[in-house]
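Novice: Chain C is fixed; fit chain Y with the ligands onto it per the hints.
Take a look at the letters that make up each chain.
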Amino acid sequence: MKVIVAEEFFVTEEKKEVKKKRKKKKVSSESDIIVLDHVSKSYESGSPALDDISLRIKKGEFVFIVGDSGSGKSTMIKLLLRELKATEGNIRVLGYDLNRIRHRKIPQFRRNIGIVFQDFRLLKDRNVYENVAFAQRIVQTPTKLMKKNVPAVLASVGLAGKYKAKPKQLSGGEQQRVALARALVNEPTLLLCDEPTGNLDPKNSWEIMNMLDEINKSGTTILVVTHNKEIVNEMKKRVITLKKGVIISDEEEGAYIDED
Amino acid sequence: MRISTLFYTIRQGFRNIFRNKMYSLASVATITACLFLFGVIYAIVMNLQNMVHTAEEGVSVTVFFQEDTSEERIKEIGDLLVKRVEVSKVVYVSADEAWESFKEDYLGEYADGFTENPLEGSQNYEIYLSDVSMQNSLVTYLQSIPEVRKVNQSQVTADTLTGLNSLIGYISVGIVVILLGVSIFLISNTVTIGINVRREEITIMKYIGATDFFVRSPFVIEGIIIGLVGAAIPLGIIYFVYNNVVDYVLNRFSILTSLLDFLPVSVIFDTLLPVSLGIGVGIGFIGSFVTVRKHLRV
Ligand SMILES: Nc1ncnc2c1ncn2[C@@H]1O[C@H](COP(=O)(O)OP(=O)(O)OP(=O)(O)O)[C@@H](O)[C@H]1O
Ligand SMILES: [Mg+2]
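Chain order of the listed sequences is C and Y. Each residue of the first sequence is one higher than the one before, starting from 189 at the first, in my numbering. Each residue of the second sequence is one higher than the one before, starting from 265 at the first, in my numbering.
Pulled out of the complex, with its shape left as it was, chain C reads as follows (with noise of 0.2 Å):
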């Protein structure tokens, strides 16, 4: 009698594992990454950031956001981040819902996500290397491991000599490098960049979409606020304008759509 019991206890323990790998294998095998649904978001002052926008990104997907200063671009980005919390409208990312993420569970999402700004914000006071290592260090990855992965990233980038210079020692394009190996290190799903060209000449904002692309093809999904029209219509990638907080196209193989 006790065995039976017992057993039928290993069998629904059984079932249960199963049901919980299935609801796994159905977040991750999700196909759209982004989900955004009638989301609108307004600070305390003036009209909405973003209004009543509705869009959907696949995984896999090369994105640009596009649109003029104050259109909401960057706000868009924190949504995503869950930096901030949308006024109204639902947002999943990664299978999470957003309005509904308990606070100490936010770490653990964001760990899939790189995040690239303009600025790099890198740490003034430790060197190409650390730089990188922080990103491990935080999401606890064994030295060993870490020290495997640091290096590596750094070679993707076309940083490999430069482990011991200091940011303030690199050049523009050089520090947004580390920039993108310290988002990559950590092998995210979703990678968010708010203008990572902004600040570099041509030349360098090439070489970074390129990087991009790259890291597109091998699985990342990526999205990238820009104001770089050029690069835009060079790269024929799906294209989303945002103007006033609200959605004006999205095509894929877009274009910029320039106004004046």
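Where hints are given, some of them may not hold.
[What the hints assert, rightly or not] In silico BS3-like links for lysine-lysine, alpha-carbon gap of 25 Å or less: (1) Y:Lys285 / C:Lys293; (2) Y:Lys470 / C:Lys332; (3) Y:Lys470 / C:Lys273.
[Said to hold, decoys possible] Derived CB-CB ranges, DEER-like: (4) Y:Leu492 / C:Lys391: 24 to 32 Å; (5) C:Pro330 / Y:Asn460: 28 to 36 Å; (6) C:Lys417 / Y:Leu289: 25 to 33 Å; (7) C:Lys391 / Y:Val446: 57 to 65 Å; (8) Y:Leu301 / C:Asn387: 31 to 39 Å; (9) C:Pro330 / Y:Arg463: 25 to 33 Å; (10) C:Lys335 / Y:Val446: 53 to 61 Å; (11) C:Asp313 / Y:Leu541: 29 to 37 Å; (12) C:Ala340 / Y:Leu301: 25 to 33 Å; (13) Y:Gly433 / C:Leu333: 55 to 63 Å; (14) Y:Arg463 / C:Asn278: 17 to 25 Å.
[Claimed, not checked] Short, incomplete list of chain C residues facing chain Y, as computed with Cβ under 8 Å: (15) Leu243; (16) Arg244; (17) Pro295; (18) Gln296; (19) Arg298; (20) Ile303; (21) Arg309; (22) Leu311.
What the hints contain is simulated information worked out from the structure, not anything from laboratory work. By construction, the Cβ of each residue, glycine as well, lies at the ideal position given by its N, Cα and C atoms.
Specialist: Below, chain Y with the ligands alone, put in the same frame as chain C:
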């Protein structure tokens, strides 16, 4: 938490300290000052209490009995006295012993002329108290025993000692509490500055997915290290200076040597060491933890 993460966190704690050296130094200096004062007060209080205690042990109440009281009755009363809480020791002094001691103290060789004991009936109890403050209640009790003829007590000594004891206690507690408050305030300031200096780094850490615990820990470690250093310095100073001071006092006031009975430094440190370290770490922890909670809504 991984060991490597722990080491990293501790390194960051040290980095914070060196990042704003001036404030860290100010905090360490304040805690050092506080715990130095605390240590000095503690050493003084301990020694005074020790001296007071020695003096207390010497305080005795003497009871004399009516001349017609029988030996048995006196013994009975002695047994009753021993059982009372305020009494630590009862010594019976027979009439002969009283006479012997009187002779020794006052008469010397002139005592030979006495063939009989002139102090017949002066047998008494010397009662030693466990706590001087209870002397009055004991005296009242003794006077209520019909066979008791006379009670001798040392009123002045008893009251003074009791008063001195609690006064020292109150003053030292007061000073220490104020100093601890100041220390916590300064640590809190140091940590706040550390947090502000590192705002940008904290923002980036949060973007990358650092847990609240990971973000906060270096600051708490910073506070604890400051507290530890601030406790270690005064302990070191007191340890090495204590004996010199004791020697100096004993030489300077050599007449009082019999009265001044100093405790060895090891006895002082039995308590002072763990308490100081505990207070140092405690205020370091509380000061930084509360500040981190307040300023780091991560
Ligand atoms: N923290 C804030 N508080 C109040 N209003 C804000 C805040 N951040 C942004 N806004 C407003 O929200 C609107 C959208 O700002 P957002 O930063 O998203 O624009 P953007 O598209 O990124 O512009 P840019 O191209 O200049 O970076 C603007 O009108 C801006 O003034
Ligand atoms: Mg912006």
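Novice: Next item in the hint list is Gln296 (chain C). Is there a CB on chain Y closer than 8 Å to its CB?
Specialist: 7 Å, holds
Novice: Is the gap between the beta carbons of Ala340 (chain C) and Leu301 (chain Y) within 25 to 33 Å?
Specialist: Because 56 Å falls outside the window, the suggested range is violated.
Novice: With 8 Å as the cut and Cβ atoms as the points, is Arg309 (chain C) at the interface with chain Y?
Specialist: 6 Å, holds
Novice: For Lys470 (chain Y) and Lys332 (chain C), compute the direct alpha-carbon distance and say whether it is at most 25 Å.
Specialist: Between Lys470 (chain Y) and Lys332 (chain C) the Cα gap is close to 24 Å, so the pair holds against 25 Å.
Novice: Against chain Y, is Ile303 (chain C) within 8 Å by beta-carbon distance?
Specialist: 5 Å, holds
Novice: Taking the Cβ atom of Leu492 (chain Y) and the Cβ atom of Lys391 (chain C), is their distance within the range 24 to 32 Å?
Specialist: 53 Å, violated
Novice: Hint validation: Leu311 (chain C) versus chain Y, beta carbon distance must be below 8 Å. Holds or violated?
Specialist: 6 Å, holds
Novice: Does the hinted range 25 to 33 Å hold for Lys417 (chain C) and Leu289 (chain Y) at CB?
Specialist: 54 Å, violated
Novice: Please test the hint of 57 to 65 Å on the beta carbon pair from Lys391 (chain C) and Val446 (chain Y).
Specialist: 58 Å, holds
Novice: Take the C-beta atom of Pro330 (chain C) and the C-beta atom of Arg463 (chain Y), compute their distance, and say whether it sits inside 25 to 33 Å.
Specialist: 29 Å, holds
Novice: Do the Cβ positions of Arg463 (chain Y) and Asn278 (chain C) conform to the proposed distance bound of 17 to 25 Å?
Specialist: This hint is violated: roughly 31 Å between Cβ atoms.
Novice: Against chain Y, run the beta carbon of Pro295 (chain C) and see if the smallest gap drops under 8 Å.
Specialist: Holds: closest Cβ of chain Y sits about 4 Å from Pro295 (chain C), inside 8 Å.
Checked against the numbered hints above, the structure breaks hints 1, 4, 6, 8, 10, 12, 14, 15, 16 and satisfies the rest.
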